[in-house]
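Protein chains in written order, with the numbering used here: chain B, 1 to 232; chain C, 233 to 498.
Be aware that a few hints might be false.
[Said to hold, decoys possible] Where chain C lies over chain B, by a calculated footprint (3+ residues, C-beta under 8 Å):
1) 11-21
2) 40-54
3) 124-137
4) 159-167
5) 174-180
6) 207-219
Calculated directly from the structure, the hints in this document are not laboratory data.
Glycine residues also receive a C-beta, built at the ideal position from the N, C-alpha and C atoms.
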Amino acid sequence: MSSYLVLALVAGLAGLERKGVLQAMLSRPIALGPIVGLALGDVSGGLVVAVPLELLWLGSVNLGAALPVHEALGAAAVAGGAVLTGQAMGTGVTLPIAALSVALCVPLAVLGRNAERSIERANERLVARAETLVLTDPAAAARANLRGLALPFFLPALLAPVGAAAAVAVIPAILRAAPSLGTPLAIAWVAFGLIAATAAAISLRAERARAVFLAAATAAAAGAAVVVGVIR
Amino acid sequence: MSAVRVGRVGEPERVVSAAVRRRVFLRSFLLQAAWNRRGMQNLGFEYAIAPALDALYPDPEQRRDAAARHLGFFNSHPYMAAAILGGAIHHEERVARGEEPPVAPQRYKQTLQGPLAAIGDGFFWTALRPFFGALAALGALLFGWPAVVLAITIYNAIHLALRIHMFRVGYRQGDAVIGAIAAMSLPSVAERLRLGTAVLCGVAAAALLLGGARDVGIVAGGVALATAIAGQVALRLGASVLTVAYGVLFVATGAGLLALRLPGGS
Numbered sequence: 001m002s003s004y005l006v007l008a009l010v011a012g013l014a015g016l017e018r019k020g021v022l023q024a025m026l027s028r029p030i031a032l033g034p035i036v037g038l039a040l041g042d043v044s045g046g047l048v049v050a051v052p053l054e055l056l057w058l059g060s061v062n063l064g065a066a067l068p069v070h071e072a073l074g075a076a077a078v079a080g081g082a083v084l085t086g087q088a089m090g091t092g093v094t095l096p097i098a099a100l101s102v103a104l105c106v107p108l109a110v111l112g113r114n115a116e117r118s119i120e121r122a123n124e125r126l127v128a129r130a131e132t133l134v135l136t137d138p139a140a141a142a143r144a145n146l147r148g149l150a151l152p153f154f155l156p157a158l159l160a161p162v163g164a165a166a167a168v169a170v171i172p173a174i175l176r177a178a179p180s181l182g183t184p185l186a187i188a189w190v191a192f193g194l195i196a197a198t199a200a201a202i203s204l205r206a207e208r209a210r211a212v213f214l215a216a217a218t219a220a221a222a223g224a225a226v227v228v229g230v231i232r
Numbered sequence: 233m234s235a236v237r238v239g240r241v242g243e244p245e246r247v248v249s250a251a252v253r254r255r256v257f258l259r260s261f262l263l264q265a266a267w268n269r270r271g272m273q274n275l276g277f278e279y280a281i282a283p284a285l286d287a288l289y290p291d292p293e294q295r296r297d298a299a300a301r302h303l304g305f306f307n308s309h310p311y312m313a314a315a316i317l318g319g320a321i322h323h324e325e326r327v328a329r330g331e332e333p334p335v336a337p338q339r340y341k342q343t344l345q346g347p348l349a350a351i352g353d354g355f356f357w358t359a360l361r362p363f364f365g366a367l368a369a370l371g372a373l374l375f376g377w378p379a380v381v382l383a384i385t386i387y388n389a390i391h392l393a394l395r396i397h398m399f400r401v402g403y404r405q406g407d408a409v410i411g412a413i414a415a416m417s418l419p420s421v422a423e424r425l426r427l428g429t430a431v432l433c434g435v436a437a438a439a440l441l442l443g444g445a446r447d448v449g450i451v452a453g454g455v456a457l458a459t460a461i462a463g464q465v466a467l468r469l470g471a472s473v474l475t476v477a478y479g480v481l482f483v484a485t486g487a488g489l490l491a492l493r494l495p496g497g498s
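Generate coordinates for the entire structure from the input sequences, incorporating the hints supplied.
So this is what it looks like as structure tokens:
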């Protein structure tokens, strides 16, 4: 139980850091994954899921009034689900667990975007409050800004543990009922990482990005193969 | 543009001290705390500039008027807004000294918010942060979590240095901040960062593939690669990223099950 409270706290703080406070990349999946892992006692498990999620959502940025998916909520739920499932099964975060946690929890990132839109509507009430207060107490009107921090905290604080709990409830049952799924799910995890890296390159919206991406991938793979061959 | 101090006897000097400016800058970290559809970052701007207005307008009526004019619509890039906050203090000082009409700070904000939002979105959100995100992801694959800490530390050293610099230049130079920001030629740096990010993503893909082949075997790695290539084709045809991600997870699992049943499958 206390694990879920810790996850709620970390996810809530990430929800603040993501937009309302500071914005120092601490709520990006690549940071949040290992932070969730650290809080729950498995840094490397959190890092395993952080890498492809960062790449998948590299282009999830808040431009003007357009909202991206809630990548912090998604990352907290996936990392929390994977780490807690790994602990429940006593195996740590294996590739099949990572793949299933992604499949289960990623929709929360989309749900989070819709909820964020509602929060932005709800915040209009704070504007009305400030407009009234400014006539009598400008300092109190300014502080209306801080009331906006409540909802962005509670949104991921409530939903990330729900996603993680679903992962803990479902994933061990799947893997125990169908052990033969283990290797295919590990293959799926590798394929997911590759498509995430591709999506990252495409999201850059640069003319030559895709060609540069493919050239770099080919060169790096070939170079690594040669190096391995020489060592052997 | 040295400040002309019209300190009449018994009146406070109409300048905002360095300590108060520091408070405004720190409060700028909460610019988007109450982002809303109507005024967007208006509450955040009002909150951030409040200490400067307190210092400039001891008269309650003037203080109210100043607060009211900063409650209007405002939206820019949250980092670049530091320049506008600095410039707004610059103009409020002049208003307080009677050198400018009270509408000047609002006009300044309206002129700069759009252009600086475009520059900030194009540099920080779609170039610098993705670059360090991809760098951290690749670093994590090759060296583990310390690489993530390092990449994010460097990102924040750059981002905070620029935020502080732009706040200072905005305060000291007011309208000339546009020229100072243009001189940084952020768009061309951004273009190079994007290509650098594409390289990092490519190397990360290779690392994921080779690491995967080590974990699941060469044949299985080939199955994963083939599925991902099919996924890339789907992306090129316009399918959404999440649809393709689920498709890839599903198809690769199915293909893996099939491959295991074939003779010679491991």
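To see whether the hints hold, each was checked on the structure:
no.: 1; hint: 11-21; verdict: holds (count 3)
no.: 2; hint: 40-54; verdict: holds (count 7)
no.: 3; hint: 124-137; verdict: holds (count 7)
no.: 4; hint: 159-167; verdict: violated (count 0)
no.: 5; hint: 174-180; verdict: violated (count 1)
no.: 6; hint: 207-219; verdict: holds (count 11)
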